[in-house]
Amino acid sequence: MGSLSITHWLILLVVVVIIFGTSKLKNAGKDLGGAVKGFKDAVKEEDKPKIANNNDEKVIIAEEVKVEKTKDNS
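For the sequence shown, this note's numbering assigns the number 219 to the initial residue and increments by one for each residue that follows.
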């Protein structure tokens with residue numbers, strides 16, 4: 219009862235196909251493949267060294283405004 223034999227896997231596969239249908243399984247496969255591809259692309263982008271081009275970058279300087287609260291003692 220520990221491991222499943224090949225006949226158990228085939229019966230399980232047939233039941234899954236009957237329950238979900240081939241079109242839903244195909245869509246799930248496409249979605250899973252797209253997710254894996256997106257993950258691989260993100261990992262490849264992270265590995266590439268980033269080259270900074272100082273001419274194209276814009277620097278935005280924000281002024282910090284401090285407001286002091288005063289307390290009246292009257």
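Hints in this document: simulated from the structure, not taken from any laboratory.
Check before you lean on any hint, since a few could be wrong.
List time: in silico BS3-like cross-link candidates among lysine-lysine, alpha-carbon distance up to 27 Å [what the hints assert, rightly or not]: (1) Lys255 - Lys244; (2) Lys242 - Lys262; (3) Lys242 - Lys255; (4) Lys258 - Lys244; (5) Lys262 - Lys248; (6) Lys248 - Lys258.
Q. Can you list which hints this structure breaks, lowest number first?
A. Checked against the structure, the only hint that fails is number 2, while the rest are satisfied.
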